[in-house]
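In order, the protein sequence lines correspond to chains A and B. Just so we're aligned, residue 1 is where the first sequence starts under the working numbering, counting upward by one. Just so we're aligned, residue 1 is where the second sequence starts under the working numbering, counting upward by one.
In short, the hints are calculated from the structure, not lab data. C-beta: ideal position from N, C-alpha, C; glycine also. Check each hint, because a few of them may be wrong.
Once the Cα atoms are required to be at most 20 Å apart in a straight line, the calculated SDA-like pairs of lysine to any residue come out as [what the hints assert, rightly or not]:
{"hint": "1", "chain 1": "A", "residue 1": "K57", "chain 2": "A", "residue 2": "I96"}
{"hint": "2", "chain 1": "B", "residue 1": "K185", "chain 2": "B", "residue 2": "Q87"}
{"hint": "3", "chain 1": "B", "residue 1": "K47", "chain 2": "A", "residue 2": "G88"}
{"hint": "4", "chain 1": "A", "residue 1": "K115", "chain 2": "B", "residue 2": "R313"}
{"hint": "5", "chain 1": "A", "residue 1": "K25", "chain 2": "B", "residue 2": "K205"}
{"hint": "6", "chain 1": "A", "residue 1": "K57", "chain 2": "A", "residue 2": "G38"}
{"hint": "7", "chain 1": "B", "residue 1": "K23", "chain 2": "A", "residue 2": "K25"}
{"hint": "8", "chain 1": "A", "residue 1": "K115", "chain 2": "B", "residue 2": "R289"}
{"hint": "9", "chain 1": "A", "residue 1": "K25", "chain 2": "B", "residue 2": "E207"}
{"hint": "10", "chain 1": "B", "residue 1": "K285", "chain 2": "B", "residue 2": "Q87"}
Just the calculated beta-carbon pair ranges, DEER-fashion [said to hold, decoys possible]:
{"hint": "11", "chain 1": "B", "residue 1": "K274", "chain 2": "A", "residue 2": "R110", "range": "28 to 38 Å"}
{"hint": "12", "chain 1": "A", "residue 1": "D107", "chain 2": "B", "residue 2": "H13", "range": "31 to 41 Å"}
{"hint": "13", "chain 1": "B", "residue 1": "K274", "chain 2": "A", "residue 2": "G63", "range": "37 to 47 Å"}
{"hint": "14", "chain 1": "B", "residue 1": "K274", "chain 2": "A", "residue 2": "Y26", "range": "31 to 41 Å"}
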Amino acid sequence: MKPMETISQLSRDEVLSRVRELAGKYARLISITCVDVGQLFELIYVFEDELKMVCFKTEVPHGTTFPSISSLYPGAMLAENEIRDQFGLQFDGIAIDFGGYMFLSHDSPRKPFIKEVRVKGAMKKDEGESG
Amino acid sequence: MRASTVVPFGPQHPVLIEPLQLKLVVEDEKVVDVVPALGYGHRGLEKGAELNDIVRNIFMAERVCGICSFIHSWCYCACIEELLGIQSPPRAEFIRLISAELTRLHSHLLFLGLLADGFGFESLFMQFWRIRERVLDLMEAISGGRVIMGNCAIGGVRKDIDQDMARAIVKEVGEIGRDLRPPIKAILEDYTVKQRTVGKGILTKEEAVKFGAVGPVARASGLRTDVRLLGEGPYGEVDFSVVVEDGCDAYARTAVHAREVFVSLDLIRQAVGKLPSGEIRTKWKGRVRGEVIKRMEQPRGEMMYYVRGNGNRTLERFKVRTPTFANLPPLLKMLPGCELADVPVIVISIDPCIACTER
Numbered sequence: 001m002k003p004m005e006t007i008s009q010l011s012r013d014e015v016l017s018r019v020r021e022l023a024g025k026y027a028r029l030i031s032i033t034c035v036d037v038g039q040l041f042e043l044i045y046v047f048e049d050e051l052k053m054v055c056f057k058t059e060v061p062h063g064t065t066f067p068s069i070s071s072l073y074p075g076a077m078l079a080e081n082e083i084r085d086q087f088g089l090q091f092d093g094i095a096i097d098f099g100g101y102m103f104l105s106h107d108s109p110r111k112p113f114i115k116e117v118r119v120k121g122a123m124k125k126d127e128g129e130s131g
Numbered sequence: 001m002r003a004s005t006v007v008p009f010g011p012q013h014p015v016l017i018e019p020l021q022l023k024l025v026v027e028d029e030k031v032v033d034v035v036p037a038l039g040y041g042h043r044g045l046e047k048g049a050e051l052n053d054i055v056r057n058i059f060m061a062e063r064v065c066g067i068c069s070f071i072h073s074w075c076y077c078a079c080i081e082e083l084l085g086i087q088s089p090p091r092a093e094f095i096r097l098i099s100a101e102l103t104r105l106h107s108h109l110l111f112l113g114l115l116a117d118g119f120g121f122e123s124l125f126m127q128f129w130r131i132r133e134r135v136l137d138l139m140e141a142i143s144g145g146r147v148i149m150g151n152c153a154i155g156g157v158r159k160d161i162d163q164d165m166a167r168a169i170v171k172e173v174g175e176i177g178r179d180l181r182p183p184i185k186a187i188l189e190d191y192t193v194k195q196r197t198v199g200k201g202i203l204t205k206e207e208a209v210k211f212g213a214v215g216p217v218a219r220a221s222g223l224r225t226d227v228r229l230l231g232e233g234p235y236g237e238v239d240f241s242v243v244v245e246d247g248c249d250a251y252a253r254t255a256v257h258a259r260e261v262f263v264s265l266d267l268i269r270q271a272v273g274k275l276p277s278g279e280i281r282t283k284w285k286g287r288v289r290g291e292v293i294k295r296m297e298q299p300r301g302e303m304m305y306y307v308r309g310n311g312n313r314t315l316e317r318f319k320v321r322t323p324t325f326a327n328l329p330p331l332l333k334m335l336p337g338c339e340l341a342d343v344p345v346i347v348i349s350i351d352p353c354i355a356c357t358e359r
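In isolation and in its complexed conformation, chain A is listed as follows (with noise of 0.2 Å):
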């Protein structure tokens, strides 16, 4: 079977260099995925070099910014805009930014992806399943 991708741990300053560097070297950019640990958000940036993924993650704590790579990445600024609708978490530099109402309206409830936010129907996370 093949081995599961690899998604190495970097700081906040190395994905920035490490979203320059594949920039460079013209790499295409996947997606970008945010994941609600707690008091921490983990970011986790996809690229594709050469047909092969390049994946990473960072840390960012709940409450603060991290700059956007719009700049580099003109398409990242949906990813983005996704992130700051579902967790709140803002991007400092945005290209279009549409302030947290790219997919939800005013009327819906504000960060649903964060986990504090409790929803109604929600199944008991107990046992394992089979098939």
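Given the structure of chain A, go ahead and fit chain B onto it with the hints provided.
Relative to chain A, chain B alone:
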């Protein structure tokens, strides 16, 4: 100095089958800027997937998109299989490939029909959709579902393809290929089609990389990119060539779709011919722990799944990056400078799927 006017294109528009709004800043008849307005079809599916158990999520994933649905369920199941440390049987992998290529086939025929409809070529639209019905009939015969096949399961597939069915697929695929030649010749060679598409919505190779274009949009700009080239799963056991055009315009994007139809037909034929014997499903039991990133080639381009489990019944995070999500920034690059009348054809030429973009 010319006065600017903002013309809202969508969310309801005759050429849009799904709600998307583009605020077009125009000077006379020329588009000078464009700002998208999204959220009309947002369903919160990623959050929903964190609330359901991992088996129910197969059906959730399959409904991310109503067109390329099967490949969503395949990618989700492949992620869970990797986290569980199981592998689906070879026969199941080939049935998945056949289902995925049928999905690509009907999606591309849907696109070609909609494009013809977009510039008023109604009879061509009907020809493509008439043939597309036969692809949906094949999907129904294999799985019971005409669009949402519901055939993918964690560890394999639910329904097998017997010998009679395999013979019927090969026969029908051959006839579909034969019947598709005249309408595809029309869309690639007709004078009026060329007038509406050649030189419209230019996206250069450099811009395609910078703005993150994927799938037929990227391949029409000269980029040889296709996740199937990685040869993962059954794609490593079949021969196919990636269709690349260098026109960088709406015509090149149409040509990529048109030529890929025959690649998919050939892949289905090969997969049926090489269908291994054996089981179609691996039994499994366990919990999902860890994180995995997987990519698959949808009809509209590369799709990425990020799945993370922490040993519970539900997922910690479920993230989907769909092809149209990646192709929207390139669209915003294509539109400025074009004539207002060309906007519908340029928008259709990226084959937008808003339901899966917003999830």
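Evaluated hints:
1. K57/A - I96/A: violated (24 Å)
2. K185/B - Q87/B: Since the Cα atoms of K185/B and Q87/B sit roughly 42 Å apart, the hinted pair is violated (cutoff 20 Å).
3. K47/B - G88/A: holds (15 Å)
4. K115/A - R313/B: Distance ~16 Å between K115/A and R313/B Cα, so the pair holds.
5. K25/A - K205/B: With Cα atoms ~14 Å apart, K25/A and K205/B stay inside 20 Å; holds.
6. K57/A - G38/A: holds (16 Å)
7. K23/B - K25/A: Given that 20 Å is the threshold and the Cα spacing comes to 33 Å, the pair is violated.
8. K115/A - R289/B: With a Cα-Cα distance of about 18 Å, the restraint between K115/A and R289/B holds, given a limit of 20 Å.
9. K25/A - E207/B: holds (14 Å)
10. K285/B - Q87/B: Holds, because 13 Å separates the two Cα atoms, which is no more than 20 Å.
11. K274/B - R110/A: 28 to 38 Å: Since the Cβ atoms of K274/B and R110/A sit about 52 Å apart, the hinted range of 28 to 38 Å is violated.
12. D107/A - H13/B: 31 to 41 Å: Check failed, 25 Å falls outside 31 to 41 Å.
13. K274/B - G63/A: 37 to 47 Å: Distance hint for K274/B, G63/A is violated at roughly 55 Å.
14. K274/B - Y26/A: 31 to 41 Å: holds (36 Å)
Hint compliance for this structure: hints 1, 2, 7, 11, 12, 13 are not met, and every other hint is.
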